[in-house]
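Protein chains in written order, with our numbering: chain A, 2 to 233; chain B, 2 to 233; chain C, 2 to 233; chain D, 2 to 233.
FYI, nobody ran anything at the bench for these hints, they're computed from the structure. Among the clues, some could well be false.
Note: identical chains are not told apart, hence a pair may lie in one copy or across any two.
Taking lysine-lysine pairs in the DSSO-like style, the calculated list, with each CA pair at most 27 Å apart, reads [to be verified]: (1) K34 / K16; (2) K12 / K34; (3) K76 / K34; (4) K76 / K114; (5) K22 / K114; (6) K22 / K76.
4 protein chains.
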Amino acid sequence: MADEIQEALDKIFAKDSEIYKSRGFQRRIGYGKRPAIINIDLANAWTRPGHAFSCDGMDTIIPGVQALLKAGRAKRIPVVYTTTAYNVTEGTNTDMGLWHLKIPVEILNLENKEDVAIDDRIAPEANEQVIVKKRASAFHGTYLSSFLQANGIDTVILTGVTMAGCVRHTCEDAIAEGFRPIVVRECVGDRVPGVVEWNLFDIDAKFGDVEPLESVLDYLARIDPVPLRNAP
Amino acid sequence: MADEIQEALDKIFAKDSEIYKSRGFQRRIGYGKRPAIINIDLANAWTRPGHAFSCDGMDTIIPGVQALLKAGRAKRIPVVYTTTAYNVTEGTNTDMGLWHLKIPVEILNLENKEDVAIDDRIAPEANEQVIVKKRASAFHGTYLSSFLQANGIDTVILTGVTMAGCVRHTCEDAIAEGFRPIVVRECVGDRVPGVVEWNLFDIDAKFGDVEPLESVLDYLARIDPVPLRNAP
Amino acid sequence: MADEIQEALDKIFAKDSEIYKSRGFQRRIGYGKRPAIINIDLANAWTRPGHAFSCDGMDTIIPGVQALLKAGRAKRIPVVYTTTAYNVTEGTNTDMGLWHLKIPVEILNLENKEDVAIDDRIAPEANEQVIVKKRASAFHGTYLSSFLQANGIDTVILTGVTMAGCVRHTCEDAIAEGFRPIVVRECVGDRVPGVVEWNLFDIDAKFGDVEPLESVLDYLARIDPVPLRNAP
Amino acid sequence: MADEIQEALDKIFAKDSEIYKSRGFQRRIGYGKRPAIINIDLANAWTRPGHAFSCDGMDTIIPGVQALLKAGRAKRIPVVYTTTAYNVTEGTNTDMGLWHLKIPVEILNLENKEDVAIDDRIAPEANEQVIVKKRASAFHGTYLSSFLQANGIDTVILTGVTMAGCVRHTCEDAIAEGFRPIVVRECVGDRVPGVVEWNLFDIDAKFGDVEPLESVLDYLARIDPVPLRNAP
């Protein structure tokens, strides 16, 4: 069925792109000078099979992120990971907000340490940020925006899951905050057919550039490294 | 082509819903006790033909919003409108942020008063809020969240355009902030085929309830009116 | 010198209050119906002697907070603690933002676990939130606001340190977000003479009510307990 | 009495500074490379006599701001003004939030156009931002942060009123967001004795640099002008 879905979507996207282009949408935001890599929810509950949150495509996503991390670390750019996890998932006074009324976040308790830990194939290094977020967007209720601003970042390279959920909301917030969002096509995933394609289409039309991994690696190879003592 | 697109999408959604349901997604968030109506970007640039931002479906959207407004005003619930418009659309120091690098927001200058004014078929009353936003989400960079919190609101009824842009981002932010988002199916629109359907599907799976107008009108008929002097 | 300072300040406050009162400032915001207790930075680096961040007055503050916790837990209201701590305090890509350029936050590394842990005389219980914040305000870059909104809170009871720093900024943000701030006079402190008094004066004039512990305990005794299953 | 107050405060500040310095507080944040000028609430209700919000010191503040504007405009740096004003100041559904429960913001209705307009001695130019805020901080519920981030700003030069209210909260938010706050000593004011001095003392200890006008003018003379076409 995958081919059939892709074919149907391609037809729709072709038609929609005509309209968008004729009206001045689908522009390129382009790369800035000071990027950071933001890996969304590449924790075991999402990257490994057998979990309600498990996503497809890790055979492509994980090696892609590994390549990005290598290229980004060589330039000392900030690397941020998020995971989604909660202190209180029962009874009153939960930090899940209202989200458990839509999706099963009650299984993402911080006590399930293995589930909510970043996949060790792309393990964070000591000087990288792991942000435990409570909502879909990596920016919502976190210090991500001020971390990026204080470090002079102008571009965010986005990877991870899910494309229809946390990656999309993060991308929308990123451009709203004033950062150039670059979504790496091979490094994002989800868990139901068609949803990656449609959300990439929407994002590229309005909120950020969807770029192939190769283009992003080329870019990271070209930029200046962050100075060892990063003023301020 | 519309039928063909709808058929293709329906097949995909049926398959995807199976997966979502089996994993505990697509739950109902339900109505709360204290709603507000948020009308997104129902200004002339979006509701009237001949503009780069013009949207389809106003024959259904406008009467639907009129019915909602009547029902909501009868209960004195807060009504909020947004429009998207800018002070500076040329040269340096623009308030467009980076968005003009993706879509043609440079034509939404505040000087084009008619374009960015709310459609007079659904005109705001004197005690209703018209928020000039700069980004897709009605929450981003606005006082919407604290307005709702201070007035004791727990539910936001969302209408307007576009479904793939401002309505979706607003809905994602709404649940993130702790409000129950209800998207009124007949009262949202966009400008390219398929995009309303897909985004409603994503939203209903993860971020808010998509409800028919009739259900929302029933709900508004049932709730208590806001007291004339709203303590505090 | 303490008496002399107090006397000088009292004179100034008397004069200033006349002006404020004649102009309609210094009103009472009052208690709402659904409070939460927010304990700001009552971690060992602030509550124990011998640290650059050590504060005075713990002989009064700690028993006061103990009494508040007992009263609040009896009603199952949310209890939130904050601490201020960082992942990266050297070199590039720090999460300190720019704050180390003003104050010595570089010593608040998360690896100094004892320093940044909540004082065990007022230890958090399992279902209470401990928020690691990066900035002065408990609201800035945290999920506090959406946690409170989603749980229907309308009033925040503030304790902790420092009055001229994190407590004040939290209080200002609280009223801005739409919560009634109640600062408990006996439960806030700082580290230099006069600064608690002046900041309480400013807060009470403009941003929140400064109330004696006894009044707050009376209030907590009066309110309804949070239902065991807190809808939603 | 002014001299007496100043003398008392100077004694306290001298003592407090000893403690702060010995503990590593009161550092200098310094100027960055890309400043913006933010003028807080220099609207007629604050700058002219006879209003509940009237502030003292305009004989110094207005000429100081005029000098800053001239220097800043010569370099094409962003200039932002705020005013505080509301759509609905009676009955239900107000945008005042809870602030009218502490201070008389109900008189700041947007219909009182003259009151809430920027003082014409320091009138905004066509390409400058005038932000109507609802809360004390110029950042709270406004697009200020993303406006600054998208335009590459790293430093905010703060002027206006009141020092114990809107200027202080704006300054605290500015450093929290990752901007270097510079408060111009001659260009800030308030309406009761002692309050400017104390709040400048607190700010300089912890949140931003308090600098004389001359130093800020020197800085603005030194920086590069913003390019005519400000990429992006």
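Evaluation of the provided hints:
For the homomeric pair K34 and K16, neither the shortest alpha-carbon distance inside one copy (34 Å) nor that between copies (42 Å) is at most 27 Å. Within a single copy, K12 and K34 get their C-alpha atoms no closer than 36 Å, and across copies no closer than 43 Å, so neither meets the 27 Å cut-off. Taking the closest pair of Cα atoms, K76 and K34 come within 27 Å of each other both inside a single copy (12 Å) and across two copies (23 Å). Proximity of K76 and K114 under a CA criterion of 27 Å is satisfied in neither setting, with 31 Å inside one chain copy and 31 Å between copies.
In the homo-oligomer, the alpha carbons of K22 and K114 lie at most 27 Å apart only across protomers (26 Å), although the nearest pairing inside one protomer, at 47 Å, exceeds that limit. For the homomeric pair K22 and K76, neither the shortest alpha-carbon distance inside one copy (36 Å) nor that between copies (37 Å) is at most 27 Å.
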